[in-house]
Each structure stands twice: as C-alpha cells, then as structure tokens.
Amino acid sequence: MAQLSAFRDTSEPALLSDYQPGEFYCELMGDGVEDRPRLLEFWQRLEQLPLADLSVRAADALHDLYERGVTFTVYSDRDAIDRTLPFDAIPRVLNGSEWDVIELGVKQRVTALNLFLADIYGEQHILKDGVVPRDLVLGNTNYCPEMQGFTPALGTYVQIAGIDLVRGGDGQFYVLEDNARTPSGVSYVVENRHLMQRAFPDLLDGFNVHDVSDYGQKLREKLIETAPPGCDNPQLVLLSPGIFNSAYYEHIFLAREMGVPLVEGRDLVVVDKHVFAKTITGLQAVDVVYRRIDDDFLDPLAFNPDSLLGVPGIMECLRAGNVTIANAPGTGVADDKAVYAYMPKIIKYYLDEEPAIANVETHICRDAKGLSYTLDHLDELVIKPVGESGGYGIVIGPKASKEEIELCRKAIIARPENFIAQPMVQLSVCPTLTDEGVSPRHVDLRPFAITGEDTWVLPGGLTRVALRQGSIVVNSSQGGGTKDTWVLLGESPQASRVTGQNNQQRQAGTSSA
Amino acid sequence: MNLLARQAEALFWLGRYIERTAGLARILLVQTAFDRGRAEGTNWDWLLALYDESQDFHERYAEADSNSVIHYFVNDAEHPGSILRCLAAARLNVRSLRAMISTDFWMQTNRAYRRVKELPESALRESRLASTCEAIQIDCYALYGISTSTLYRDAGWRFFTLGKQLERADQMSRLLDVRFAQLQTGTAEGGAALGDFTHWSMLLRACGGHHAYRRLVSGPLQPENVARFLIFEQCFARSISHCLNETEQSVLELRTVCDVPTPTRLIKRLSALRDMIHLAQGDPGLIPHLHTFNDAIQSHLIELTNDLGDCYFEIDLDPSVLAVDSSPDLEEPEWIEPHLNEDGSKDNDKPSQGSTSQTQSQTQSTS
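So the protein sequences, as listed, match chains A and B.
Residue numbers for the first sequence, in our numbering: 1 to 513.
Residue numbers for the second sequence, in our numbering: 1 to 367.
Treat the hints as calculated values from the structure; they're not laboratory data.
Even for Gly, the Cβ is constructed at its ideal location relative to N, Cα and C.
Misleading hints may appear alongside valid ones.
[Claimed, not checked] Examples of chain B residues lying across from chain A (beta carbon under 8 Å, computed): (1) Leu-4; (2) Arg-6; (3) Ala-8; (4) Ala-88; (5) Arg-91; (6) Ser-96; (7) Ser-102; (8) Thr-103; (9) Trp-106; (10) Leu-151; (11) Arg-153; (12) Val-260; (13) Ile-302; (14) Tyr-312; (15) Ile-315.
[Said to hold, decoys possible] Pair by pair, the computed Cβ-Cβ distance ranges are: (16) Asp-454/A / Asp-259/B: 33 to 39 Å; (17) His-58/B / Thr-434/A: 52 to 58 Å; (18) Gln-44/A / Ala-77/B: 52 to 58 Å; (19) His-58/B / Ala-411/A: 38 to 44 Å; (20) Gly-393/A / Asp-52/B: 52 to 58 Å; (21) Glu-47/A / Thr-150/B: 49 to 55 Å; (22) Phe-150/A / Tyr-141/B: 54 to 60 Å; (23) Glu-118/B / Glu-354/A: 57 to 63 Å; (24) Arg-114/B / Glu-354/A: 51 to 57 Å; (25) Asp-454/A / Tyr-141/B: 47 to 53 Å; (26) Glu-67/A / Arg-214/B: 37 to 43 Å; (27) Ser-102/B / Gly-393/A: 52 to 58 Å; (28) Asn-208/A / Arg-114/B: 39 to 45 Å; (29) His-58/B / Gly-393/A: 50 to 56 Å.
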C-alpha cells in the first residue's frame with residue numbers, strides 16, 4: 001500500500017521528541033502530571049511518522065484544498081477572493097467521555113437560548129422577574145421588535161448554533177461565546193475529515209472515529225421539521241449573499257449536501273405574503289429559508305432599506321406564518337457578549353439546571369462594579385466589544401502596548417455598555433506542524449448543534465488553531481487555521497491495539513516485498 | 001424545484017463564453033500557422049473586422065500589427081472580447097453555478113483561466129502563438145468533455161447546449177461573412193472573396209473543417225462548395241445548419257424531457273430560421289448574396305437570444321401566469337439532407353431580407 005512509505009524509518013528523528021507544551025494543558029499529552037500521554041495510542045501513531053514526510057503531504061493537501069476551491073475570503077485582502085484556510089495535519093482528538101460532556105452542555109445551552117428567545121419576544125417573564133436587566137435585552141441593538149408576539153414553528157429560533165469552547169489550564173472546557181445568528185465553519189469540519197482520509201489514511205487507520213459526513217442530511221431533516229405548520233412537502237432553499245461572501249464556499253457545500261437550491265435575494269420574490277423563487281417555469285413556492293445573510297440585510301422593507309441582498313417583504317411572510325427563516329431574525333440578542341454573562345442564570349431560570357459547561361468569568365462594563373474592576377485590571381484582561389463578531393476589535397491586555405491600553409480605556413469610558421472583559425484564559429495547546437517542527441499552538445473548539453424537534457450535535461466540530469507562536473486569536477479572519485477534530489467512539493481508542501498488529505503485519509509485508 | 005432562472009442564464013452564457021474562447025483560439029492558431037507566404041504580407045486586419053472591433057481597437061492601438069492584434073485578442077484585460085475576459089466571464093458564471101456543477105468542472109475552469117492570466121509575454125510571440133492557442137483550445141475541449149461526463153442532464157444541460165450552439169452558429173456566420181462584408185462595403189479588392197483560394201482554404205481550417213470537407217469533396221477547392229459545406233452540411237459539427245438543429249433539439253427536449261413549457265414565440269422563431277435555411281439551400285443565387293444571408297442569420301440569432309431571455313430568464317412576477325402558459329406541440333425538426341453540389345431545383349426565392357443589423361452585443365453582465 002502507498003501509505004507504507006509513511007511509516008517510520010528508525011534512523012530518522014521522531015516527530016514528537018522535541019515537543020514541549022510548557023505550562024499549558026495539551027490536547028495530546030494532558031496536564032503533564034501523569035507520566036504518560038493522555039492519548040497514548042495516538043501519540044504512538046504520531047511518533048511513527050517522519051516529520052519531513054508529514055510536512056510535504058500537508059503542503060500537498062493544502063494545494064488540494066485550493067484546487068478544489070475550499071476557500072475562505074479574508075476581507076482585508078480584496079484581491080484574493082480565493083484563499084484556503086490553513087489546515088494543520090495533526091488532528092485534535094477528543095475521547096468519548098469528554099465528548100459526552102460537550103454534547104450535553106451544548107444541547108443544554110441551545111435549549112436555554114431558544115427558551116430565552118421565545119420568552120423575550122413573548123411574555124418576557126425573565127425580564128419581569130429581574131433575572132436579566134430589561135434594558136440589556138430591549139435596548140440591545142440586536143433585539144428585533146418585528147419578532148414580538150410571533151412564535152416560529154416548534155418555538156425554534158436557533159436552528160443552527162455554534163458554541164465556542166476553550167479548554168483551560170485545569171483541563172476543563174468553558175463556553176467562550178455563543179453563535180446563534182449565522183455561524184460558519186461547519187463545511188471545514190467535513191472537508192477537513194475528507195482531506196484527512198485522502199491525504200493521511202495511515203494516521204486515521206484503525207481509530208474508531210465518529211463520522212461527520214451526514215451533517216447535510218441532518219440539517220435538512222431538522223430544517224424541514226421547523227417548516228410552517230400544515231406545510232405539505234416543504235421546499236427548502238439556502239439563501240446566500242452571493243459569490244463575494246467570505247463563506248460562499250460553505251454555502252455551496254451546504255446546498256449540495258442538502259440537495260437544495262442555492263439562491264440569492266434576487267432569485268426570491270414576495271407575492272401576497274408568500275415567498276417564491278424565480279425559476280425557468282415561473283414562480284415556485286418556498287417554505288423554509290436557511291439564510292446565510294445577516295438580519296440587517298434580510299429585508300430592505302423591514303430593516304436596512306439599502307440592502308440589495310435581501311428579499312423585500314420576507315418579514316411579512318414570516319409573521320403571517322407562511323415561511324420559516326432559519327435562524328429566526330433577532331437571535332443576535334441571545335448571543336450578544338453582554339447577554340452571554342447571564343447565560344448561567346438563564347439556564348438555571350428555564351431548566352433549573354447548573355450549566356454542564358461553565359462560562360468564562362465575565363465583567364460587564366455596563367455595571368458599575370464590572371466597569372471599575374475592568375478599568376483597574378486592564379492589563380490583565382481580554383477586552384471584547386459587544387455586538388462584534390469574527391474577533392474584530394479585541395484587545396488582549398497582557399499583550400497590548402501602553403498606548404493600546406490607554407486607547408482602550410478611553411473607548412470603555414466613552415461607551416461602557418459596548419464592552420465586556422474576561423480574564424485571559426490559558427487556552428489549551430495542540431501539537432501543530434510549524435516551520436520549527438512540531439510545536440504547541442493554542443486551539444479552541446466550535447461544535448455545531450442543529451435543532452428541530454430536538455437538538456443534534458455534530459460529533460466533531462471545528463478546531464481552530466492560532467498558527468502564530470503564542471497567539472490566542474484563532475479566528476479565521478485573523479490568520480487562524482483549522483484541524484480535523486476526532487471524537488473517538490468509546491473511552492479510549494480500543495482499535496489501536498489491533499492497528500498495532502496491522503502495522504507489524506504491514507512492516508513485515510514491506511520487508512518481504 | 002425547477003432550475004432557477006438566474007442559473008439557466010448563467011449556464012447559457014457559460015456555453016457561449018467557452019465556445020467563443022475555443023473559436024477565437026482556433027482562428028488565431030490558423031491565422032498564425034497558415035496565412036503565410038503571401039505577397040502582400042500577413043493580414044491581421046480581418047480579425048478585427050470579424051468581430052466588428054476595428055473601432056475599439058484603434059482607440060487604443062496605433063497599428064494593427066501581429067503583436068497588437070494578438071495581445072488584443074488573447075489577454076487584453078480591457079477588451080471584453082479577449083480570451084482572457086471571456087474566460088473570466090465564464091469563470092464568474094461557473095462560480096455562481098458551483099452548487100450544481102462538478103468539482104472537476106470548477107477545477108478545469110480555473111486551470112483554463114489561470115493559463116491565460118499567467119501567460120508570459122514570450123508565449124504571445126508569433127513563433128509561440130500556435131502552441132499557446134492549441135493549449136487554450138484543449139482547455140476548452142476539456143471543459144466540454146467534463147461537462148458531457150458530469151453535468152446533470154436536466155434543463156440546465158439544455159441551456160448550456162443552447163449557449164454553445166448559438167455561439168458556434170454565430171461564429172461560423174461571421175467567419176463566412178468577413179470577406180464578403182469587406183467586398184460589399186468596398187473595403188476589399190474586387191473579386192477577392194470568390195477567387196481567393198487561400199482565403200477559402202484558411203476558412204475551412206479556421207473552423208476545423210478542412211478534413212471533413214475533403215472526405216466529401218475531392219478536387220480543387222470550389223468557393224461555392226466550401227460555403228455550402230459550412231452552412232448546410234449536417235454531418236459537420238460547426239455548420240450553421242447543424243448548430244441550429246442542435247438548438248432546436250435542445251428547445252424540444254426542454255419540453256419533452258424536462259417538462260418546461262415552450263412558449264409559442266420561441267417555436268415561431270426556430271421555424272422561421274429553419275425555413276430560411278431551407279430556402280437558402282435551394283437557392284442557386286445564394287453565393288453572390290451571402291452577405292445578406294449572413295446578416296439575416298445574425299439578426300435571427302440575436303432575436304433568438306432575446307427570446308430565450310424573455311421566455312426563461314426574465315420571470316413574470318404573477319404566480320398565476322405559469323399555470324396557463326402551456327406550450328403548443330413543437331414540430332419535429334426537419335432534417336435537411338446535405339446536397340453539396342445541388343443546383344437548387346425547388347424554390348428559387350432569395351433568402352429573406354432580414355434586418356441588416358450587424359451589431360451583436362456579447363456583453364452579458366454577470367455581477
């Protein structure tokens with residue numbers, strides 16, 4: 001077999017011999033207290049691969065992604081519409097029991113988000129009971145008054161959620177951020193796995209890894225569940241802003257995987273409070289719109305009148321119960337960074353449960369206490385503007401210059417309600433191929449959850465990696481890359497013992513060949 | 001759900017842009033390879049006349065020599081009719097179609113585009129032009145091959161074919177016309193069109209028909225035979241007749257295979273075209289009037305493109321309309337037998353005197 005060449009030539013230095021995760025929790029080695037790696041079998045597998053070979057194959061794999069057009073646009077680089085997201089060949093591995101906690105925590109979180117949205121656009125009990133400040137919700141720029149008094153099918157506002165997790169120095173996962181608007185990145189979860197299977201079959205071989213390739217079918221199933229009641233054989237479309245959108249490849253991917261038309265705003269039209277698509281035989285009814293366009297641009301009649309991307313009148317169709325928009329407009333209030341701080345209370349309020357995954361401690365600058373703490377500890381904290389996404393505008397206190405700190409202080413004093421502050425989380429690291437060899441780089445994890453009648457979490461997720469040494473900003477718009485994310489079936493990779501035998505057989509086979 | 005109108009339009013123009021690229025590459029190849037050894041030197045002017053682009057060209061270039069004309073047609077980013085711009089437009093259309101085409105098609109589109117985008121100056125020298133054009137042509141053939149092997153055979157396939165065939169018919173009609181137009185408008189030497197053996201030989205090669213013609217006709221080249229071959233020969237894939245039959249076939253299949261209603265005006269247009277070809281084929285006086293005939297073909301092709309746009313790409317916003325727009329029965333296309341040396345025993349009518357509009361706009365905006 002071709003991949004035999006990848007197995008170790010004992011004369012070459014081992015891949016991991018120089019690897020030092022330092023003070024950070026390592027996704028491969030664990031906390032360094034135990035005298036054996038957390039994922040011993042996987043560590044042994046990596047050790048067998050010569051570094052030079054892995055780097056060459058990783059470069060080929062990246063070129064392969066570019067040729068296939070698995071690309072992401074970086075807005076600061078207008079000329080380069082096609083760019084690949086850097087891919088790191090060493091996967092991030094989660095074992096079964098870790099995944100159980102993540103799955104539980106994500107489901108709990110998404111359930112609470114949906115109940116919260118139904119409440120604040122309905123009876124507003126949580127505001128009346130004073131659990132969340134009224135003006136934080138109603139005065140939020142992402143609160144959408146057009147949604148008041150209307151409940152979407154099944155009470156599902158957030159069909160698609162991406163919950164950003166980080167693992168701290170204690171080895172525990174924390175929720176860093178909720179993404180309940182139009183989270184992106186799921187195409188990379190699937191494409192990274194396919195790339196892994198094509199380019200590194202020897203790395204995967206024998207491990208019992210959860211499949212991720214049925215995401216599209218699950219998504220379709222769940223979206224159809226949330227079609228307007230009484231809708232017979234619902235027609236689903238994916239609404240994209242078009243070819244210049246940074247996530248256009250993902251829109252293509254999802255439309256293909258679901259087997260539904262990829263439409264733009266100009267393909268849709270509203271007649272009599274119903275949405276139609278313009279086809280070669282005339283207008284055809286549309287029942288569910290998975291939109292990958294922001295609230296502001298969705299309907300020029302209801303929101304930004306200058307939007308050319310949206311569908312004039314679609315909000316009326318929604319309110320008349322004739323179309324489902326996924327995610328519903330106005331979900332941005334729930335994933336707002338200021339509301340995030342209240343999520344543990346929100347979970348407790350609706351579900352009477354403790355969060356299965358804790359929040360990162362958050363200081364809300366709109367509160368006097370939070371503001372004074374933040375201003376006193378600016379050089380220790382990570383300052384985040386609320387209402388922004390994509391990692392824009394974040395100031396990392398311990399790494400910022402004096403000037404940057406003072407600029408930040410002025411900005412906070414001017415508009416305290418625009419900021420939150422969090423302690424700097426000691427993000428876990430994962431062995432990563434770099435120019436200097438295999439080095440630790442910080443990672444986060446974005447699992448994806450889709451909700452119809454119930455919530456399903458894709459067993460995997462997007463592992464983003466900050467490729468610059470020491471950097472903790474993993475956003476793809478800020479130079480981050482991605483890794484394949486393995487969720488192992490069962491507690492430890494049982495299959496690896498068999499694999500070990502296979503390897504021996506293979507090596508025997510090689511020498512006899 | 002049926003094909004989106006926007007995607008149908010993108011497929012149609014994709015077919016046109018690929019065909020135009022392939023045609024242009026072949027014409028340049030023939031020009032540089034065969035138009036040699038003539039006393040008056042190599043003539044690059046006729047390429048500008050071919051696409052009615054003399055004026056645009058001379059606004060930016062002083063002289064129509066080989067360097068400037070080659071650059072103008074291959075990789076001039078400001079010339080919408082250059083190979084570079086055609087491939088860029090094709091690629092833009094493919095990009096908007098990626099959810100419904102194969103990854104291989106996308107990859108080959110990129111290869112074709114990048115080849116031209118990254119051409120070194122040396123590849124455009126007359127001495128290297130032939131191999132450059134050959135490579136571009138092969139890129140286009142690869143696109144056709146991938147589309148044939150991978151494109152889903154729904155209505156989209158028919159629109160892609162329509163674009164390809166209409167562009168091919170248009171190119172052939174332009175090629176046939178270029179010398180006659182010069183003659184009739186007094187810009188070429190008298191008698192040059194019919195008597196110029198080299199011209200007709202080159203014409204055959206420019207549309208890849210030299211060997212096909214030789215299979216059917218032996219002996220010295222007869223200009224009239226060549227012209228009739230290029231217009232009427234059913235077995236020749238680039239003859240105007242063949243392209244129009246394929247066009248008609250695609251429209252027919254939209255209804256019979258894809259269940260897409262065929263509006264009456266489209267059927268009328270196609271049967272008018274077929275009648276015109278039929279009359280012309282039986283007309284012994286066709287050749288002296290070839291320019292008029294070509295004018296009529298050109299304006300019919302423009303109208304046909306407009307009809308397709310009105311019928312399929314521009315959508316009536318009243319949803320009740322689609323229910324009543326049922327199509328009448330489309331007649332089976334009438335296959336015209338090839339008669340290369342026929343003297344025309346039936347109708348002696350002259351080809352219909354259509355509009356003389358020669359300005360075909362090929363600038364489809366695809367933003």
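Hints versus structure:
no. : hint                              : verdict
1   : Leu-4                             : holds, 5 Å
2   : Arg-6                             : holds, 6 Å
3   : Ala-8                             : holds, 5 Å
4   : Ala-88                            : violated, 12 Å
5   : Arg-91                            : violated, 10 Å
6   : Ser-96                            : holds, 6 Å
7   : Ser-102                           : violated, 10 Å
8   : Thr-103                           : holds, 6 Å
9   : Trp-106                           : holds, 5 Å
10  : Leu-151                           : violated, 14 Å
11  : Arg-153                           : violated, 15 Å
12  : Val-260                           : holds, 6 Å
13  : Ile-302                           : violated, 21 Å
14  : Tyr-312                           : holds, 5 Å
15  : Ile-315                           : holds, 4 Å
16  : Asp-454/A / Asp-259/B: 33 to 39 Å : holds, 38 Å
17  : His-58/B / Thr-434/A: 52 to 58 Å  : holds, 56 Å
18  : Gln-44/A / Ala-77/B: 52 to 58 Å   : holds, 55 Å
19  : His-58/B / Ala-411/A: 38 to 44 Å  : violated, 58 Å
20  : Gly-393/A / Asp-52/B: 52 to 58 Å  : holds, 54 Å
21  : Glu-47/A / Thr-150/B: 49 to 55 Å  : violated, 42 Å
22  : Phe-150/A / Tyr-141/B: 54 to 60 Å : holds, 56 Å
23  : Glu-118/B / Glu-354/A: 57 to 63 Å : holds, 59 Å
24  : Arg-114/B / Glu-354/A: 51 to 57 Å : holds, 56 Å
25  : Asp-454/A / Tyr-141/B: 47 to 53 Å : holds, 52 Å
26  : Glu-67/A / Arg-214/B: 37 to 43 Å  : holds, 41 Å
27  : Ser-102/B / Gly-393/A: 52 to 58 Å : violated, 41 Å
28  : Asn-208/A / Arg-114/B: 39 to 45 Å : holds, 41 Å
29  : His-58/B / Gly-393/A: 50 to 56 Å  : holds, 53 Å
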